Amino acid sequence: MIELFDPTDLARAKDTGALVAGILQTLKSRSTVGTNLLDIDRWAKGMIIEAGAQSCYVDYEPPFGRGPFGHYICTSVNDAVLHGRPYDYTLADGDLLSLDLAVSQGGVVADSAISFIVGDVRSPESVALIDATERALSAGIAAAGPGAHLGDISHAIGSVLSEAGYLINTEFGGHGVGSTMHQDPHVPNKGRPGRGYKLRPGLLLALEPWIMADTAELVTDADGWTLRSATGCRTAHSEHTIAITDDGAEILTLPKQA
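Under my numbering, the first residue of the sequence shown carries the number -17, and numbering increases by one thereafter.
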């Protein structure tokens, strides 16, 4: 199903996007050396409930997972890249942490992810991974707009990642959002320009480039959810929800400037 939203719906989507962005930035500021992943999940739960919103993850039970996810946020550390299920782990100096949050408010979902380094130890590999996903995300957004094709977005994202030397896995990628978290169309992180669904005003998309340092192969953790690099290498993940408008693409999950 592909949903298209009118201006009233878009206003609600902006509110949800602002909530997601604000929660992620608060969690980033609290995620310091010594922070436990379960505390991050608890903080996310509290902020979502306080806002009168709903988690998209707690009862999430897709075919590829093992039972309901059961947590409020995805916390992926180092070699974990997607669907990181929070567990009893204390963050260490230099850890690369990805936080992925999807929330429904007012009947509209927004989905966003950030990757950052915890503490003061900043390995060049971690910095490069994060930079590549952020640049790829910016390129994908720049390629989006009314009349463009999904392939234009996929090509823009994939070109940045490939030019940076990374292999691209196309099993998981971006997707439509709306009244539910995962909708059509699927937006792979690699593609051919001019191909695929033609973008129309009112379409909401979650674009999410993610990479692993030296592989494109994933393995599933024992928890049945967390996806890790097959080689144990580090990973990164960046995501924004955007709205296709008459003039281009508007980022709904952009953090407010201080």
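Hints are computed from structural coordinates only; laboratory data are not their basis. There could be a bad hint or two in this list.
Stated by the list, open to error - Cross-link-like lysine-lysine pairs, in silico, DSS-like; alpha carbons within 25 Å at most:
#, residue 1, residue 2
1, Lys238, Lys(-4)
2, Lys27, Lys10
3, Lys238, Lys27
4, Lys10, Lys(-4)
5, Lys(-4), Lys27
6, Lys(-4), Lys180
7, Lys10, Lys238
All of these numbers come straight from a predicted model, not from anything done at the bench.
Tested hints:
{"no.": "1", "hint": "Lys238 / Lys(-4)", "in the structure": "holds, 12 Å"}
{"no.": "2", "hint": "Lys27 / Lys10", "in the structure": "holds, 15 Å"}
{"no.": "3", "hint": "Lys238 / Lys27", "in the structure": "holds, 21 Å"}
{"no.": "4", "hint": "Lys10 / Lys(-4)", "in the structure": "holds, 21 Å"}
{"no.": "5", "hint": "Lys(-4) / Lys27", "in the structure": "holds, 20 Å"}
{"no.": "6", "hint": "Lys(-4) / Lys180", "in the structure": "holds, 23 Å"}
{"no.": "7", "hint": "Lys10 / Lys238", "in the structure": "holds, 14 Å"}
When the structure is compared with the earlier hints, no violation turns up for any of them.
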